[in-house]
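Engineer: Each chain, written out:
There are 2 protein chains.
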Amino acid sequence: MNSKLQSYLNVIDESVQNFQLPKNPKQLYEPMRYILALGGKRIRPVLTLMACELFKGEHSTAKNAALAVELFHNFSLVHDDIMDQAPLRRGEPTVHKKWNENIAILSGDALLIESYKLLCSYDAKLSQKLLHIFNTTASEVCEGQQTDMDFETQKIVSIDEYVEMIRKKTAVLLGCSLKMGALVGGASDKVADDLYQFGVNLGIAFQLQDDILDVYADQSKFGKQVGGDIIANKKTYLLLLAHQNANENQKSVLEKSISESDASIKVQHIMAVYNELKIQEKATSKMNAFYEIAMNNLKHLSLPEEKKQPLKDLAEFLMGREV
Amino acid sequence: MNSKLQSYLNVIDESVQNFQLPKNPKQLYEPMRYILALGGKRIRPVLTLMACELFKGEHSTAKNAALAVELFHNFSLVHDDIMDQAPLRRGEPTVHKKWNENIAILSGDALLIESYKLLCSYDAKLSQKLLHIFNTTASEVCEGQQTDMDFETQKIVSIDEYVEMIRKKTAVLLGCSLKMGALVGGASDKVADDLYQFGVNLGIAFQLQDDILDVYADQSKFGKQVGGDIIANKKTYLLLLAHQNANENQKSVLEKSISESDASIKVQHIMAVYNELKIQEKATSKMNAFYEIAMNNLKHLSLPEEKKQPLKDLAEFLMGREV
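If you read the sequences in order, they're chains F and G. The letter at position 79 of the first sequence is residue 79 when you use this note's numbering, and the numbering goes up by one with no holes. Quick note, this note's numbering runs 1000 ahead of the 1-based positions in the second sequence.
The following block holds chain F by itself, in its conformation from the complex (with noise of 0.2 Å):
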């Protein structure tokens, strides 16, 4: 990681450590400390900070803007490990798993009125501006949940649906997180827009990677166990381009494997697919046209270039481009 890109890191690890809650009723506000100091990359918050000092220059203006899109993203964690019934969070116990469900519900409803406090802090007609882009995220990022979940018992689900489902669950909050940034450094509309659209692009080619790691990361650097998405069944975008690409034979392997009780023998029998139809490549094929439609609208950006490079440097970070 450059040093730029660890001394964003630095500002906001110190704005979360410094956020201050009330301590009582302690079942409400420790949950919130807890899930905060669980860290994450954090990428949303640098995001915002970095779109600011691209206009006035001075990141600490969107140092609450940062930290309302952070709380916000942990809000949707807390809310969706109840969900998913997840019992770890980066390596600890998940908040309804350490304390009950009752107290993640609760603390995750008070971390997204936090996260409104915090955007109301500006003058008002800056808020407002900040409000309404948050306003339309925060009900799509409940929008692309809902649709996730849907997808559990949808038979047929076209690729289409998926990239819509991603884009409103994960990629748009990166979006949001440039715009309130360019906003309360003073961007015009066009260009917050303009950045807007790099983020939710960025946030797709994201998004697709995660589902390729899934499968084929190093398990060695990976977090998570791979292969989960095929154990779990779950509808990625490899399995839906699997689905649509298979002849009757690959079909009715797809088929049979959802009640493989054997994990191992599930994931080899899945992937044995993936590779006859050359999944990784094709997945990894859309990923990049994403990221090159991001960087795309990075270059059409009517900003000088040396001033976008750490949102250059950024992406490249996010997709595990280590710079």
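By construction, these hints were calculated from the structure, which means they are not laboratory data. There may be inaccurate statements among the hints.
Cross-link-like lysine-lysine pairs, in silico, DSS-like; alpha carbons within 30 Å at most [what the hints assert, rightly or not]: (1) G:Lys1056 to F:Lys129; (2) G:Lys1299 to G:Lys1129; (3) G:Lys1129 to F:Lys117; (4) G:Lys1097 to F:Lys155; (5) F:Lys278 to F:Lys234; (6) F:Lys312 to F:Lys41; (7) G:Lys1117 to G:Lys1026; (8) G:Lys1129 to F:Lys129; (9) F:Lys155 to G:Lys1129; (10) G:Lys1125 to F:Lys125; (11) G:Lys1098 to F:Lys56; (12) F:Lys125 to F:Lys307; (13) G:Lys1299 to G:Lys1286.
Sample of chain F residues at the chain G side, in silico, Cβ under 7 Å [what the hints assert, rightly or not]: (14) Asp109; (15) Ala110; (16) Ile113; (17) Asn135; (18) Cys142; (19) Gln146; (20) Leu277.
Keep in mind that this is a model prediction, so the values were computed, not measured. Built from N, CA and C at the ideal position, the CB exists for glycine as well.
Starting from the structure of chain F, add chain G where the hints point.
Structural biologist: Just chain G, lined up with the frame of chain F:
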């Protein structure tokens, strides 16, 4: 109910019915429409409209703020019903029973976000004022709910702690409803704050009445099971007052009743202690005291008396003193 009150209720019902939500994802937006259509007393949004009309006279400008309050109230009901594992709400299945818990969590989240959208529909300066009181209130409602859950496992709860809990969980939203209406109507901050106090004190009186009715209501007129709080070992104002006033003998009856499995014997034993200690009279007197403070808040508002009449009527209606 008088015709003025009825006309406000009609405005609210119309607003709720005309409130547009996207069609898809169905599992996200249908539960939101469902809970909103279940009705309820709509006290909070009526307070917002009334407060607005005390000033500039046109309640329609306060419609979005009123709807925001009603949506927030419904968000808290949907999430509270999960936490309380309540099967019914207004005689119909709760959202988590009709659909499932995940859907109830997410559609609750989306209701909260929609309430923010409505508050952002005013001009920037007014929005900021509305959001300020709304954010504070929303946090307090979460704190009140958590404190209420904490009480379940807490051995000793003082009367003051209890009143503070119901202030946050129930009363501040009534205050907020009035204050937001007043701000939309162009009231000064001072007058808006005075109305807020009126709402909070009325809200506490209302909640104390709820505790009293749970034990002493006429079953034929009461929507819930009389004695429900006693059967559920709920720490109500009445029970805490009984504990505070009980002699050793009465204390032991209260203690033993916790584990009594026969519901009617339990209610009978606890009510015997309540009667010995004149708990109904004492609780009623406390309720009346808060009601009187509320009336006093209203009296000191610098507004013509005839303007205050609808608020007085609503307060009487709320306290079951039919007007």
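Engineer: If a hint holds in the structure, say so; if it does not, say that too.
Structural biologist: Hint by hint, here is what the structure shows:
1. G:Lys1056 to F:Lys129: Judged against 30 Å, a Cα distance of about 27 Å means the pair holds.
2. G:Lys1299 to G:Lys1129: holds (25 Å)
3. G:Lys1129 to F:Lys117: holds (12 Å)
4. G:Lys1097 to F:Lys155: Distance of about 25 Å is within 30 Å: holds.
5. F:Lys278 to F:Lys234: Holds, at roughly 19 Å.
6. F:Lys312 to F:Lys41: holds (16 Å)
7. G:Lys1117 to G:Lys1026: holds (20 Å)
8. G:Lys1129 to F:Lys129: holds (15 Å)
9. F:Lys155 to G:Lys1129: Cα-Cα ~48 Å, so violated.
10. G:Lys1125 to F:Lys125: holds (7 Å)
11. G:Lys1098 to F:Lys56: Violated - the C-alpha atoms of F:Lys56 and G:Lys1098 are around 51 Å apart, more than 30 Å.
12. F:Lys125 to F:Lys307: holds (27 Å)
13. G:Lys1299 to G:Lys1286: Given pair G:Lys1299, G:Lys1286 holds - Cα atoms ~20 Å apart, limit 30 Å.
14. Asp109: holds (6 Å)
15. Ala110: holds (5 Å)
16. Ile113: Hint on F:Ile113: holds, closest Cβ of chain G at ~5 Å, below 7 Å.
17. Asn135: Holds. Min distance 5 Å.
18. Cys142: holds (5 Å)
19. Gln146: With Cβ-Cβ at 4 Å, under 7 Å, it holds.
20. Leu277: This hint is violated: F:Leu277 lies away from chain G, its Cβ roughly 30 Å from the closest one there, beyond 7 Å.
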